[in-house]
Amino acid sequence: MKRAVHRWLVPAVLLVGAVLVTALMTTGGGGELRSAAGESVGSTSADQVERGRYLARVGNCTGCHTAPGGKPLAGGLALETDFGTFRTPNITPDAGTGIGGWSQGAFREAMLRGQRADGAPLYPACPYPSFTHARAGDIDAIHAWIQSLDPVEHETRGHDLDFPYGIRGLLNIWQWALFEPDSLEKEEGRDEQWHRGRYLVEGLGHCSECHRDRGTFGAVREATDAPGGMIHGWYAPSLNSPEEAGLQQWSTAEAADFLRSGNGRDTAMVGPMAGVVFDSLQHLRADDARAMAAYLRKLPTAEIEASGYQARPSPETVKAMMERGETLYARDCADCHGDSGEGDAGVAALAGNRAVTMKNPANIVRMIRRGGFPASTPGNPYPHGMPPFQEYGDRDIAAVATYIRQSWGNDAPPVSTIGLAE
Numbered sequence: 001m002k003r004a005v006h007r008w009l010v011p012a013v014l015l016v017g018a019v020l021v022t023a024l025m026t027t028g029g030g031g032e033l034r035s036a037a038g039e040s041v042g043s044t045s046a047d048q049v050e051r052g053r054y055l056a057r058v059g060n061c062t063g064c065h066t067a068p069g070g071k072p073l074a075g076g077l078a079l080e081t082d083f084g085t086f087r088t089p090n091i092t093p094d095a096g097t098g099i100g101g102w103s104q105g106a107f108r109e110a111m112l113r114g115q116r117a118d119g120a121p122l123y124p125a126c127p128y129p130s131f132t133h134a135r136a137g138d139i140d141a142i143h144a145w146i147q148s149l150d151p152v153e154h155e156t157r158g159h160d161l162d163f164p165y166g167i168r169g170l171l172n173i174w175q176w177a178l179f180e181p182d183s184l185e186k187e188e189g190r191d192e193q194w195h196r197g198r199y200l201v202e203g204l205g206h207c208s209e210c211h212r213d214r215g216t217f218g219a220v221r222e223a224t225d226a227p228g229g230m231i232h233g234w235y236a237p238s239l240n241s242p243e244e245a246g247l248q249q250w251s252t253a254e255a256a257d258f259l260r261s262g263n264g265r266d267t268a269m270v271g272p273m274a275g276v277v278f279d280s281l282q283h284l285r286a287d288d289a290r291a292m293a294a295y296l297r298k299l300p301t302a303e304i305e306a307s308g309y310q311a312r313p314s315p316e317t318v319k320a321m322m323e324r325g326e327t328l329y330a331r332d333c334a335d336c337h338g339d340s341g342e343g344d345a346g347v348a349a350l351a352g353n354r355a356v357t358m359k360n361p362a363n364i365v366r367m368i369r370r371g372g373f374p375a376s377t378p379g380n381p382y383p384h385g386m387p388p389f390q391e392y393g394d395r396d397i398a399a400v401a402t403y404i405r406q407s408w409g410n411d412a413p414p415v416s417t418i419g420l421a422e
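Residue numbering for the sequence shown follows our numbering, beginning at 1 and increasing consecutively.
Quick caveat, the hints were computed from the structure, so don't treat them as lab data. Values in this document were obtained by computation on a predicted structure and should not be read as measured data. Fair warning: there could be bad hints in the mix.
Unchecked claim - Capping the alpha-carbon separation at 30 Å, the derived lysine-lysine pairs in DSSO-like fashion look like this:
| no. | residue 1 | residue 2 |
| --- | --- | --- |
| 1 | Lys-186 | Lys-298 |
| 2 | Lys-359 | Lys-319 |
| 3 | Lys-359 | Lys-298 |
Turn these sequences into a full structure, and let the hints guide you.
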């Protein structure tokens with residue numbers, strides 16, 4: 001109830017303020033721009049285009065700007081959020097429906113400062129709060145690559161946002177209060193590999209945009225102990241927690257291989273992360289994968305706040321769920337995952353698997369309901385996937401999830417049927 005009140009009361013106040021300050025805060029999108037280092041917009045070369053192709057893969061532009069079954073970068077992907085549905089724009093160089101008319105300067109303004117070519121502010125569904133850390137020269141290279149592509153004429157639908165979030169003028173206040181364009185400062189005592197890894201993770205890779213929860217107004221929470229975020233019904237676990245997705249206890253070589261292959265230590269990236277691996281991470285250069293791994297391994301660890309639905313079944317209910325879950329597991333799961341959750345060649349073990357025991361059970365529930373398949377990569381060319389168990393109702397899903405979370409040494413909270421319906 002408290003969150004709901006905050007969600008509506010404060011935006012209402014901001015709406016009044018928007019009328020007064022929008023004109024003062026709107027900035028133009030054209031003209032020559034310079035980075036903090038003084039870089040000015042330069043000319044395009046074949047090398048710059050190729051570098052832009054690689055950097056766009058690091059930033060996973062295709063993953064967000066391509067709708068299912070649509071043409072690459074032509075937009076239309078729906079992003080469901082607490083504020084409504086955002087739809088990604090066409091960023092091919094089509095002059096009418098894409099960004100073919102955007103200059104390098106206008107593209108810099110969008111990526112580094114969150115301003116469209118027409119001067120209007122961008123919604124932070126576009127991860128410019130992370131891209132702002134990128135170097136202007138890298139942004140120019142991505143622009144050069146985009147402009148080298150064949151244009152696709154595709155008019156995308158507008159956003160469907162709840163009131164008052166559809167009022168774009170409010171974003172001027174949001175940016176003033178919650179967004180500060182800046183580059184990443186050098187940190188004393190850190191080597192060049194760590195700095196390169198931070199640049200890729202916190203900048204172009206924009207990992208925090210998914211792997212950290214967002215506050216009431218959509219800004220990424222900066223607290224180290226903040227939980228991960230929810231993406232299309234999946235939980236993007238915290239990178240600060242070794243119990244969730246942190247790589248602090250892995251070697252740099254292990255972590256780098258995991259990033260590029262999507263598979264490692266009896267675990268695999270599934271759900272939206274499988275798409276990230278396929279479209280982006282598998283294409284990392286070896287040195288950049290090691291740099292990202294080195295940075296991620298050095299992230300401070302934290303006990304993560306509980307997240308997800310918190311309902312707790314009674315002991316009697318849990319006992320019945322465990323009995324039902326054991327029966328279903330023996331019938332439907334043991335052939336692949338083993339009688340004791342030990343797994344098999346290419347099939348993930350469930351015993352001791354942190355994807356199973358995270359406080360937020362969304363991913364294991366999603367896997368049972370919808371199935372999940374890792375990306376096929378050179379490091380994992382024939383991944384094992386899990387089929388959906390569409391015949392399971394909520395009670396069966398909760399029973400199996402509870403059973404595997406509390407068996408073979410696993411000690412995670414039981415799963416309630418509350419919140420499982422879609």
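Status of each hint after checking the structure:
Proximity of Lys-186 to Lys-298 is assessed by CA-CA distance (about 16 Å); at most 30 Å being required, the pair is judged to hold. Distance check on the hinted pair: Lys-359 and Lys-319 sit about 20 Å apart at the alpha-carbon level, within 30 Å; holds. With a CA separation close to 23 Å, the supplied pair Lys-359 and Lys-298 stays within the 30 Å bound.
When held up to the earlier numbered hints, the structure conflicts with none and fits them all.
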